[in-house]
Each structure stands twice: as C-alpha cells, then as structure tokens.
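Chemist: Quick note, the sequences are listed as chains A and B, same order. The first sequence begins at 1 in the working numbering and counts up by one. The second sequence begins at 1 in the working numbering and counts up by one.
Derived from the structure by calculation, the hints contain no laboratory data. Hints may be right or wrong, so weigh each one.
[Said to hold, decoys possible] Straight line, CA to CA, 35 angstroms or less: simulated DSBU-like cross-link-like pairs of lysine-lysine:
1) Lys-14/A x Lys-57/B
2) Lys-70/B x Lys-108/B
3) Lys-59/B x Lys-98/B
4) Lys-11/A x Lys-98/B
5) Lys-70/B x Lys-11/A
6) Lys-98/B x Lys-71/A
7) Lys-11/A x Lys-56/B
8) Lys-108/B x Lys-56/B
9) Lys-71/A x Lys-11/A
10) Lys-14/A x Lys-56/B
11) Lys-98/B x Lys-70/B
12) Lys-57/B x Lys-98/B
13) Lys-14/A x Lys-57/A
14) Lys-14/A x Lys-70/B
15) Lys-98/B x Lys-108/B
16) Lys-71/A x Lys-14/A
17) Lys-11/A x Lys-57/A
18) Lys-56/B x Lys-98/B
19) Lys-56/B x Lys-70/B
20) Lys-57/B x Lys-70/B
21) Lys-71/A x Lys-57/A
[To be verified] Covered, in the sense of this in silico footprint (three residues per stretch, anywhere, with C-beta under 8 angstroms from a C-beta of chain B), are these stretches of chain A:
22) 41-54
23) 94-108
Heads up, the beta-carbon is just placed ideally off N, CA and C, and yes, glycines get one too.
The lines below spell out each chain.
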Amino acid sequence: DTGVSQDPRHKITKRGQNVTFRCDPISEHNRLYWYRQTLGQGPEFLTYFQNEAQLEKSRLLSDRFSAERPKGSFSTLEIQRTEQGDSAMYLCASSRIDEQFFGPGTRLTVL
Amino acid sequence: TQLLEQSPQFLSIQEGENLTVYCNSSSVFSSLQWYRQEPGEGPVLLVTVVTGGEVKKLKRLTFQFGDARKDSSLHITAAQPGDTGLYLCAGATSGTYKYIFGTGTRLKVLA
C-alpha cells in the first residue's frame with residue numbers, strides 16, 4: 001500500500017503528558033500537511049511543509065505544538081503538556097501538485 | 001480570516017432523490033477541492049476545480065466552480081445509501097498551498 005500512513009491510530013493520555021504522532025507520506029510527495037478535526041467539523045489547518053521546510057504554521061497553535069520533517073520524508077507532530085481541549089482527530093495529508101491525499105488520522109483522547 | 005461556509009449543514013433524504021450542496025466564500029480561490037469523509041477515516045478527494053465556471057462530472061456527481069472562483073456546488077443525482085458521509089470543500093488562495101476547509105455537510109441517504 002503506497003498511501004499516507006499515520007501512527008498510532010488511537011492515543012489515550014492523561015492531561016499534562018506529552019504525545020508524538022508520526023506521518024509517512026506518499027513517497028514522491030514533497031508537501032506534507034497536518035490538520036486537526038473535532039467532531040462534526042471540517043479539518044482545521046495546523047501547519048505544512050515543503051520538503052523539510054516548515055512554510056506556514058497556524059496562529060491558532062500554541063507553543064505546545066511542534067512539527068518536524070527532518071529529511072523531507074516522514075513527519076512528527078508533538079504536543080507537550082496536553083490539555084483536554086487537545087482531544088481531536090489529527091490528520092496528515094501529502095501532495096505533489098494540488099491534490100491532497102489524507103491518512104487515516106490519529107485520534108487523541110486526553111483524560 | 002478566510003471562511004468557507006457550506007450549506008446545508010445536515011441533509012437527510014430518501015434514496016433516488018437529487019440534492020445540491022453549496023460552498024461559499026468571500027475569498028477568491030486558485031483551486032477548490034471536494035472531499036467525502038466517512039466516520040473514523042481521513043477525507044477522500046473527489047475532485048479538484050481550478051477554472052472559473054468549470055464543471056466536472058464524476059458518475060452521478062456534478063461539481064461546479066463559480067465564475068468568480070469564490071463558490072462551488074456539488075450536485076448528486078439519484079442519491080444512494082453509499083453516498084452517505086461528510087462532504088467537505090477546501091480552497092487554496094493564489095500563491096499558497098495552504099488549504100482552508102469548509103464547515104462540512106453531513107449527508108444521510110435512507111434506503
């Protein structure tokens with residue numbers, strides 16, 4: 001399967017803990033995106049990379065969120081000191097031109 | 001702040017009926033995409049439109065991009081239960097690859 005993969009699919013954590021999610025894009029795709037989606041809403045843009053460069057980051061993100069794409073391939077999204085409001089589905093997508101292909105998402109539950 | 005408003009927010013129809021979903025904004029988009037998302041999964045791309053006035057057909061689905069590239073519609077003919085899902089539009093403005101998603105239309109087609 002050559003689609004976008006995300007790991008883990010589900011994560012349950014206690015408030016205050018740090019969590020890290022991984023995204024493996026389609027191999028020839030140079031752009032990689034992170035989104036957050038809460039129940040019943042459309043995905044909310046968090047950040048995106050072109051190759052290893054992080055080109056834009058949402059102003060909605062607090063300093064507790066950080067993303068990396070060290071070699072222009074896979075990416076990680078870390079949330080430090082999680083809060084209950086961070087509970088959501090975190091989606092990764094990759095693209096080469098205009099069309100984004102999404103992974104299955106990581107569902108985060110903060111207790 | 002760019003906003004993409006979708007209407008209706010919810011739609012429940014009988015199998016065989018036709019429907020139209022709208023996606024509106026005050027911003028001009030260089031490209032606009034439509035996705036369908038099923039529970040617990042990432043969105044799946046249906047179509048990308050880039051030219052004002054463009055019409056694309058995908059089996060029973062017809063997509064139209066407004067002449068001014070600020071709005072779009074999705075028309076489904078003879079809806080089937082398999083069309084059930086969350087329909088999302090997403091637009092990117094010129095000079096950026098950042099996509100803004102709409103608020104979503106949740107469609108349920110009853111057999």
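Chemist: Evaluate each hint against the coordinates.
Modeler: Evaluation of the provided hints:
no., hint, result
1, Lys-14/A x Lys-57/B, "47 angstroms, violated"
2, Lys-70/B x Lys-108/B, "27 angstroms, holds"
3, Lys-59/B x Lys-98/B, "29 angstroms, holds"
4, Lys-11/A x Lys-98/B, "27 angstroms, holds"
5, Lys-70/B x Lys-11/A, "38 angstroms, violated"
6, Lys-98/B x Lys-71/A, "21 angstroms, holds"
7, Lys-11/A x Lys-56/B, "39 angstroms, violated"
8, Lys-108/B x Lys-56/B, "23 angstroms, holds"
9, Lys-71/A x Lys-11/A, "25 angstroms, holds"
10, Lys-14/A x Lys-56/B, "47 angstroms, violated"
11, Lys-98/B x Lys-70/B, "16 angstroms, holds"
12, Lys-57/B x Lys-98/B, "25 angstroms, holds"
13, Lys-14/A x Lys-57/A, "26 angstroms, holds"
14, Lys-14/A x Lys-70/B, "43 angstroms, violated"
15, Lys-98/B x Lys-108/B, "30 angstroms, holds"
16, Lys-71/A x Lys-14/A, "31 angstroms, holds"
17, Lys-11/A x Lys-57/A, "23 angstroms, holds"
18, Lys-56/B x Lys-98/B, "23 angstroms, holds"
19, Lys-56/B x Lys-70/B, "17 angstroms, holds"
20, Lys-57/B x Lys-70/B, "19 angstroms, holds"
21, Lys-71/A x Lys-57/A, "19 angstroms, holds"
22, 41-54, "holds (count 7)"
23, 94-108, "holds (count 10)"
Hint compliance for this structure: hints 1, 5, 7, 10, 14 are broken, all remaining hints hold.
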